[in-house]
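So the protein lines, in turn, are chains A and B. FYI, the numbering for the first sequence is 1 to 353, going by my numbering. FYI, the numbering for the second sequence is 354 to 551, going by my numbering.
Heads up, some of the hints might be wrong.
Unchecked claim - Only pairs whose alpha carbons sit at most 20 angstroms apart, straight line, appear in this in silico SDA-like list of lysine to any residue:
#1 Lys490/B x Gly171/A
#2 Lys439/B x Trp295/A
#3 Lys60/A x Lys409/B
#4 Lys516/B x Asp284/A
#5 Lys497/B x Glu164/A
#6 Lys409/B x Thr424/B
It should be emphasised that the hints constitute simulated quantities derived from the structure, not laboratory data. Please read these numbers as outputs of a predicted model, since none were measured by experiment.
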Amino acid sequence: MPAANGSTPRLVEPATEDELQQHFLENHWTDGLPIVLPTEERVAAMLVHTSHSPQEVVGKMQPTANRGLWEYTVEKVAVNAVMSGAKPEYFPVILALAASEVSARGSTSSSAAAMVIVNGPIRHEIGMNAGIGAMGPYNHANATIGRAYGLLSQNLQGGSVPGETFMGSQGNNYAYNSLTFAENEERSPWEPLHVQKGFKAGDSVVSIFYGCRSTGFCLGLREKHWREHVRDMLRGVDSNTPPCLLLDPITAQQFIDRGGFTKKADLIRWVHETATRRAGEYWDLQLVQNYVYPWATFGREPEATMLKAPPDEEIRIFQEAGINVVVVGGETNGYWRIMGATYRKSVSIDDWR
Amino acid sequence: MIAPDRKSDLKITVLNPMGYPPEITRKSAAPRPESLEGKTIYLVDARFDDSIELLKQVQAWFAEHMSGVKTKLVSMSAYYGHDDPKTWEEIKQNGDAAIIGVGHCSTCAPAVATHAITLDTKYGVPTVALHTEKFDKVVKSVTKMGGLADAPTVYVPMPVMGKSADELRAYVNGLDPITGRPVMLEVVEALTTQLSAA
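Hey, can you work out the whole structure from these sequences and the hints?
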């Protein structure tokens, strides 16, 4: 692909390190934390880990629809990768995230964050964590790849400045590193996420979810009322964002023991059938009024049929195709979560090596 | 005493992390009528939160203060984020001007601004967009990128959601919090004053 236009200067005016840290901060080029300054040498070291030309266009991004798509090259992604503190060997993962064209810094006033899940051999090659503390700040690759995704999003889309290009009313702390972790494929009783999305088990793939506003939390599945407990959790997810079950391997096994879900698809079907709400209450939710009801009146299915239900009829909140299940955690206990998160895209990491 | 860090005096060169902005194609707004008397104005509900409730108060204002103006309140066909050629075509065929709103979220404000530009520049319908004041910078950024930096825009206070009819009437009868000028004076001016050529 041709190189992008040269409307943004390649270099920043020379200055001392302290001055540059301040310059980057004042220009809203950081996440508020100190960054690794992207010198020519550091950027060049990052570029060694891809076969793609520095001037190749990777994609386009914008903070919200209708704002205008900004374009970026491999070198521009490398600059942001350096800033995050990522090691050069992580670069293909970061390039794949950039190639998704899904911004981790969407401007939605609902304060969304991205969630990034890595599958395949790259997890071990770069030492990602899928076990104890995988979703926390305990692994360099998890931490910096996620941070790089946020930084590249805000800078390559033309900014994420509160009041202008970021309007999240409350903000979202998950956005610091976009909840980046590896799936615990080895301890999962089911096929991994990327295989579900059409890739081979031996492919290295990064998948992006978006939302992460509502989080449900539980310990295990009790024999007598586990169905009702999970139903209550599902009703706590924002109704226009499908659930992604984040299961410790212990809980994944419990779903098989309690419910007989030897196939992940069976569990997803059960979640779809279990997550219900009375129609009158469902349609009265403001999020549903804003984002689902207009489509129902437009005639789109299944929303149009759902709209015909009497107010007291239980209707299904989430469409089956939108529900996901991921196994993560180190089996220190059977704690698990439901994240309200919409699946956006899976991108081959191997294509960016 | 701490020894000075000698490296801190050294000037270094680093790379700029920003992407490349899109090229802007400038557009021209539709000609405005000298007066709205006898004209039909479409009030277009973007269907986010209680947009329609505010537009009902705009409609009531015209009935009370400019009874020679006909108004028609319509809702967009579906979700505000999608273009709505069917509605725009109806307005072009049957209307003389349009008021669209309300832009009061991070995605609907850009959408409302974009729909207003579409109506004005593609369908030739003089249009003004109503937004809440929180989104003024968002709107300015979008109209600039959309090629009509001076797209007519009027602001009301935030929030609109959950406000009573009396409260929304006060918004409509009150002042634009960005400019300090009467909201409806700005609306009428926006639909009757020619925009300078791009």
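### Task
Measure nothing beyond the straight line between the CA atoms of Lys60/A and Lys409/B; if it is 20 angstroms or shorter, mark the hint as holding.
violated, 39 angstroms
### Task
Could you grab the alpha-carbon distance between Lys439/B and Trp295/A and see if it respects the 20 angstroms cut-off?
It holds: about 15 angstroms lies between the C-alpha atoms, which stays within 20 angstroms.
### Message
Hinted pair, alpha-carbon criterion (20 angstroms max): Lys497/B, Glu164/A. Please report holds or violated.
### Response
holds, 13 angstroms
#### Entry: Pair hint Lys409/B and Thr424/B, alpha-carbon separation not exceeding 20 angstroms
holds, 10 angstroms
### Message
Holds or violated: Lys516/B and Asp284/A, Cα atoms, limit 20 angstroms.
### Response
Given that 20 angstroms is the threshold and the Cα spacing comes to 16 angstroms, the pair holds.
### Query
Are the Cα atoms of Lys490/B and Gly171/A separated by 20 angstroms or less?
holds, 18 angstroms
When the structure is compared with the earlier hints, a violation turns up for hint 3 alone.
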